[in-house]
Amino acid sequence: MGMQWLPKDCISSILSPTSPGDACRLSTVASHFRSAADSDAVWEKFPPSDYKDLISRTVDFSSSSLKFASKKERYLRLCDSPLVIDDGRLSFWLEKQTGKKCYMIAARAIHIAWSDELQDWIPLPESRFPEVEVLLGVTWLEIRGCIKSSFLTPNTTYAAYLVFKLEDNHYGFMLDFADVSVGTNASTSQTRSAFLTCETRDKQSAWASVPIEEINKLSVQTKEVMDGDDGDLETSVLETRGFWKRGLIVQGIEIRPQNGN
1 MGMQWLPKDC
11 ISSILSPTSP
21 GDACRLSTVA
31 SHFRSAADSD
41 AVWEKFPPSD
51 YKDLISRTVD
61 FSSSSLKFAS
71 KKERYLRLCD
81 SPLVIDDGRL
91 SFWLEKQTGK
101 KCYMIAARAI
111 HIAWSDELQD
121 WIPLPESRFP
131 EVEVLLGVTW
141 LEIRGCIKSS
151 FLTPNTTYAA
161 YLVFKLEDNH
171 YGFMLDFADV
181 SVGTNASTSQ
191 TRSAFLTCET
201 RDKQSAWASV
211 PIEEINKLSV
221 QTKEVMDGDD
231 GDLETSVLET
241 RGFWKRGLIV
251 QGIEIRPQNG
261 N
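Residue numbers (UniProt numbering): 1 to 261.
Note that these hints are calculated values from the structure, not bench results.
Please note that a few of the clues may not be correct.
Unchecked claim - Pairwise CB distance ranges, derived in the manner of DEER restraints:
(1) Q97 to N169: 34 to 44 Å
(2) T98 to I122: 48 to 58 Å
(3) R77 to W114: 17 to 27 Å
As the list claims (entries may be wrong) - Straight-line distance between alpha carbons at most 25 Å, and here's what the computed DMTMM-like set of lysine to aspartate or glutamate pairs gives:
(4) K148 to D168
(5) K100 to D40
(6) K96 to D86
(7) K96 to D38
(8) K45 to E126
(9) K67 to D40
(10) K96 to D168
(11) K71 to D40
(12) K67 to D87
(13) K52 to D120
(14) K67 to D86
(15) K52 to D87
(16) K148 to D53
(17) K100 to E73
(18) K100 to E142
(19) K148 to E234
(20) K71 to D50
(21) K148 to D38
(22) K100 to E167
(23) K148 to E167
(24) K45 to E73
(25) K96 to E142
(26) K96 to D80
(27) K100 to D120
(28) K100 to D53
(29) K45 to D87
(30) K100 to D87
(31) K52 to E73
(32) K148 to D40
(33) K67 to D120
(34) K148 to E73
(35) K96 to D120
(36) K148 to D86
(37) K96 to E44
(38) K71 to D38
Keep in mind it's a predicted model, so treat the numbers as computed, not measured.
Virtual Cβ for every residue (Gly too), placed ideally from N, Cα, C.
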């Protein structure tokens with residue numbers, strides 16, 4: 001018997017264990033697949049189990065933008081439109097192909113060294129957060145951020161990125177390498193060197209990002225989280241060799257699955 005003779009509920013059950021990318025591809029194969037592949041029964045399975053809690057933590061939980069016509073629309077919105085949560089300190093979205101969790105830690109929620117006299121907070125329309133931080137003139141750079149490992153998708157290789165811009169009158173960022181590292185507070189951090197340049201700029205948003213480092217595959221199993229032994233994922237960008245620098249605009253630190261994981 002051909003697949004076209006199977007009832008919609010049966011096809012939906014077959015598609016549920018697949019990935020969001022598979023469901024989208026199968027919906028284009030034939031018309032009898034499309035209805036099942038677009039059904040709520042299929043798309044209910046793809047978001048992480050705690051997605052309702054994450055949505056409830058949005059800055060404007062009552063917003064009409066959080067009302068969805070279908071489970072597929074809800075999923076795609078969570079992929080394409082990051083939600084600002086936790087009083088503007090964190091942003092959350094899903095990786096479209098896999099449904100794995102992605103975050104950006106806002107500049108307000110990370111440690112950036114120097115007193116208020118040497119940095120400024122300004123609004124930028126293209127930022128997802130209310131404010132970004134501008135370094136006005138410093139001799140060394142120290143940026144540190146952390147996020148609970150339990151927030152991340154288990155058994156996934158993550159990469160961390162500093163998301164930033166450079167003002168037109170910036171200087172000092174090509175004079176020396178910055179040391180960038182990532183790790184959990186229960187393990188040794190991995191460190192490498194990188195220049196802060198805008199060569200990796202996102203053409204749509206004009207924000208640049210520098211990879212902090214690939215994170216080894218995390219063993220964030222449910223049992224470990226329940227036992228409270230999950231720890232924090234810590235990232236840092238350090239340049240402490242004493243060159244004057246100014247004009248760095250920091251939006252935040254992005255944590256997302258490495259490509260292909």
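Structure-based check of each hint:
no. : hint                    : in the structure
1   : Q97 to N169: 34 to 44 Å : holds, 40 Å
2   : T98 to I122: 48 to 58 Å : violated, 35 Å
3   : R77 to W114: 17 to 27 Å : violated, 38 Å
4   : K148 to D168            : violated, 35 Å
5   : K100 to D40             : holds, 19 Å
6   : K96 to D86              : holds, 23 Å
7   : K96 to D38              : holds, 15 Å
8   : K45 to E126             : violated, 32 Å
9   : K67 to D40              : holds, 15 Å
10  : K96 to D168             : violated, 34 Å
11  : K71 to D40              : holds, 5 Å
12  : K67 to D87              : holds, 20 Å
13  : K52 to D120             : violated, 35 Å
14  : K67 to D86              : holds, 20 Å
15  : K52 to D87              : holds, 17 Å
16  : K148 to D53             : holds, 15 Å
17  : K100 to E73             : holds, 17 Å
18  : K100 to E142            : violated, 29 Å
19  : K148 to E234            : holds, 9 Å
20  : K71 to D50              : holds, 15 Å
21  : K148 to D38             : violated, 33 Å
22  : K100 to E167            : violated, 33 Å
23  : K148 to E167            : violated, 32 Å
24  : K45 to E73              : holds, 13 Å
25  : K96 to E142             : violated, 33 Å
26  : K96 to D80              : holds, 8 Å
27  : K100 to D120            : violated, 34 Å
28  : K100 to D53             : holds, 15 Å
29  : K45 to D87              : violated, 28 Å
30  : K100 to D87             : holds, 23 Å
31  : K52 to E73              : holds, 15 Å
32  : K148 to D40             : violated, 31 Å
33  : K67 to D120             : violated, 36 Å
34  : K148 to E73             : violated, 28 Å
35  : K96 to D120             : violated, 35 Å
36  : K148 to D86             : holds, 14 Å
37  : K96 to E44              : holds, 14 Å
38  : K71 to D38              : holds, 9 Å
Hints 2, 3, 4, 8, 10, 13, 18, 21, 22, 23, 25, 27, 29, 32, 33, 34, 35 from the earlier list are contradicted by this structure; the remaining hints agree with it.
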